[in-house]
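First to last, the sequence lines map onto chains F and X. Quick note on numbering: the first sequence equals residues 1 to 205 in the working numbering. Quick note on numbering: the second sequence equals residues 1 to 362 in the working numbering.
I should point out that these hints are in silico values taken from the structure, not numbers from a laboratory. As the structure is a prediction and not an experimental result, all values here were calculated from the model. One or more of the hints may lead you astray.
Said to hold, decoys possible - Label pairs and their computed distance ranges (CB to CB): (1) Val65/F <-> Phe305/X: 32 to 42 angstroms; (2) Ala155/F <-> Gly50/X: 17 to 27 angstroms; (3) Ala155/F <-> Gln53/X: 50 to 60 angstroms; (4) Ala105/X <-> Gln184/F: 38 to 48 angstroms; (5) Phe152/F <-> Ala105/X: 49 to 59 angstroms.
Note that beta-carbon positions come from the ideal geometry of N, C-alpha and C, so glycine has one too.
The lines below spell out each chain.
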Amino acid sequence: MNPEINIAQYITYVFAAFSLASALMVITAKNPVQAALALVLTFFLSAGIWLTLEAEFLAITLVLVYVGAVMVLFLFVVMMLDINMAQLRAGFIRYLPIGLLVAVLLAVLLIMVVGPAHFGLEQFAAPTRHAADYSNVRELGRVMYTVYVYPFEIASVILLVAIIAAIALTLRRRPDTKRQDPTQQIAVKRADRMRVVDMKAEAKK
Amino acid sequence: MFDWLSSFFTTFLPEPLVAVIIIVIKIVIIMLPLMLCVAYLTLAERKIIGAMQVRMGPTRVGWRGSLQPIADAMKLMFKEIVIPAGANKFLFIIAPILSIAPALAAWAVIPFDPEKVLADVDAALLYILAITSIGVYGVIIAGWASNSKYALLGAMRSAAQIVSYEIAMGFALVGVLLAAGSMNFGDIVEAQAGMGFLSWFWLPLLPLFIIYFISGVAETNRAPFDVAEGESEIVAGFHVEYSGMTFAVFFLAEYANMILIAALAALMFMGGWLSPFEGINFNLLGIAFNLELWFAWVPGMIWFFLKIAFFLFFFLWLRATFPRYRYDQIMRLGWKVFIPVTIVWILVVGIFVLAGLPPWWN
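Chain F with its partners taken away, still in its complex shape:
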C-alpha cells in the first residue's frame, strides 16, 4: 500500500463527511442566511473532493463560479428578504407524511441508480493517477475545442440568449423614477448652471 494514496483517500473522506454535515445544515438551519452560508460551505467542500479526484479545473471553477459569484448574489437577495420563519413552519406536522414519502422515494431512486450495483471498483477500474506535470486544464481545453466544439458552442449561445433575455426582462421604462444621465452631466457648461450678476453693493437699511 502506498502511504501517499492513503492520505489522499483520508482527505477525500474528511471532505465528504464535512460536506454531508454542511448539506444537512442547509436544510436544518433556522435562518435562511445561515442556510445559504452552509450551501456555500458545501460547494467549497465538494470542490475539495474534486481536487482530490484530480479534477482541478472543475474544482477551481466550482469555487470561482458558484462560491465566488452565484452564491454572493444569492446571499444578496436572501439578506434583503424579511422572512417570518414561524409562518413557514406552521404546517410542518401536517405535511410531514407527504414529505417523508417523497424523501423515501428519492432515497430509493438514488440508491437504485448510483448504488454499488452500477458504480464502484467492481464495475469501473480505478483511473490511473497522472504524473505531477499533467495539466488538467490543457487536456480539458483540447477536448472541448476539438472533439466537443459544437456542443460547447451551442451551450454558450444558449447561455448568451439567456443573458440577453434576462436583461430584456428587466428593461422597462419607468417615467416616475429619477435618474442621472452621465452624458448630460459631462456636457454641462457653466452658463447652464450659474449666472454672474453684476450689481452694486447694497447698504443694510
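Could you slot chain X onto chain F? The hints should help.
For chain X alone, coordinates are given in the frame of chain F:
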C-alpha cells in the same frame, strides 16, 4: 536550505510529516515579511498621503514615526472586542477570519523568483481568481452578522461592487493567459522576457492592464471605490460594529490584498522578476550604454519588489487624489465601460497572437 532541513528532519520523523513541516516553514517565511509589509504599508500610506497634502503624517512614535505601526498594532490587540447584543456571535467572529484567509491563501502560488514559489501550480491564475473571489464573504457576513443597518448597507454595496468588477478582472486575466499561453505564473513571466521593459505585456495589453489595476482597486474596496466603507454616508459600512483585533484583521486583509494585487500586476504585466534593462544596449555619443550588463548584478527579487512598491504607491496616490465614486457611477464604469473594452481587446490580442506581432509573439 530546504533539502538540508528535510534530511535533518527525516532522521527522526516519518516522511509525510516532514513534507508538512517543510511546507509550514515556507509558509512562515512568506507570511512574516508579508505581515511586516502590511504594517509598514499603513505607515507609508499615512506618510505619503501626508506629503501629498502638505502634512507631516505620524512623527511621534520612534524616529519620524517609524514605530507607529507597532504602536497601532499593540493598541488594537489590547482593546476589548465588543460583540453587539443583537449580533450573530459565531458569524460575527468568523467574518474577519473569512476575509483574511483568502488574502493570505492566494500567496501560495505567487512566485518571487523562477525557483522560489510555495506551490508551482499549473492553474495558478484560475486559483488566484477563485481564492480572491471568496474574500467578499468576509464583508457580506460581517455586514449581516452585525445586525446593524449601516453595516448591512455597506455589505450590500460591497457585494454588488465586487461581483461586477470581478468580471472585468477575469476578462483582463483571460487576455494575459491568451498572450502567455499558460496559467502558470513562471511561464507568464518567461513569456515576457527578451527586450527589457518593451517586451513586457503592459504595452500590447495596455487597456487590459489599466482595467486590471482599476478593478483591483475596486476589488480591495480602496478609495475612490470605497463605497462599502463610505464614512461620510454609512459611517464605516460593514465594520461599524467591529473593535479591537477583529477590526484590525479586516485592515490586515485589505492591505494584504493590496499587496497581492500589486504583485499580480507586476507578474502579469510588468515582467515579474525580469530586469527592465534586459537586452537593452545602445550607443549614444560614442559611449556604449550596455545597461543589461550594468544592472546584471541586481537580483530578480529586487526588481519584483520594486515593481510591487511602484503599484502600491499608485494605490496611495489614487486615494490621495480622487473623490469617492457615486454608487451608480461605479456600476456604470464596471458594466458599461470595462467589460466591453476587455471583450474587444481580448479579440485584438487574439489577432496579435495569430499574426505573431514582434517582439512579443514571434
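I want to verify a distance hint. Is the separation of the beta carbons of Val65/F and Phe305/X within 32 to 42 angstroms?
Holds, since Val65/F and Phe305/X (Cβ atoms, about 34 angstroms apart) stay within the stated range.
Holds or violated: the 50 to 60 angstroms window for the beta-carbon distance between Ala155/F and Gln53/X?
holds, 53 angstroms
Cβ distance range 49 to 59 angstroms for Phe152/F and Ala105/X, holds or violated:
violated, 31 angstroms
Taking the beta carbons of Ala155/F and Gly50/X, is their distance inside 17 to 27 angstroms?
violated, 54 angstroms
Does the Cβ distance between Ala105/X and Gln184/F fall inside 38 to 48 angstroms?
At roughly 45 angstroms between Cβ atoms, Gln184/F and Ala105/X fall inside 38 to 48 angstroms, so the hint holds.
Taken one by one, the earlier hints fail for this structure at numbers 2, 5, listed in ascending order.
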